[in-house]
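Novice: For the sequence shown, this note's numbering assigns the number 1214 to the initial residue and increments by one for each residue that follows.
Be a bit skeptical, because a hint or two may be false.
Between beta-carbon pairs, the in silico distance windows are [claimed, not checked]:
(1) Tyr1310 with Ser1215: 37 to 47 Å
(2) Asn1259 with Pro1238: 17 to 27 Å
(3) Leu1285 with Asp1253: 31 to 41 Å
(4) Leu1308 with Gly1216: 35 to 45 Å
(5) Tyr1310 with Ser1247: 18 to 28 Å
Calculated from the structure, these hints are not laboratory results.
Yeah, the Cβ is synthetic: ideal placement off N, Cα and C, and Gly gets one too.
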Amino acid sequence: KSGTLFIGVDGGFNLHIEPAFYGLPLEVVPCRYSEEAPLDVTIAGNINEAHDLFAENLSMSPPREGDHLAFLNAGGYGASMSSDHCLRGEFREYLVY
C-alpha cells in the first residue's frame, strides 16, 4: 500500500491467529520508551499472506530493529490455537501480570 509504513515482526498469524481469523484487534505497544513522534503504522507478520496483519493504522513511535512489541490483549489462546503453518516452528510466550 502506497504511503503505509509497515513494521515487520518475527512471527505470523500461525502464532496468534485471532486478528486474522476473527478480526479481533490487538493492543500493540513497544517495550522501549521513545520520545519520537508517533506515526501511523501497520504491524505485519512474517508469513507472505495478505491477512497476516496484527494491527493497521496504529499510532505509535516507530520501533528500531531488534525492539520487542507487546500484544497486551493477546489472551490465552495463542499457544493452543497456533500451528506450524509455513514451517515457522515454535515460539515463546511471556505472561505479564
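Novice: Could you work out which earlier hints the structure fails to respect and list their numbers in ascending sequence?
Specialist: Hint 3 contradicted; others consistent.
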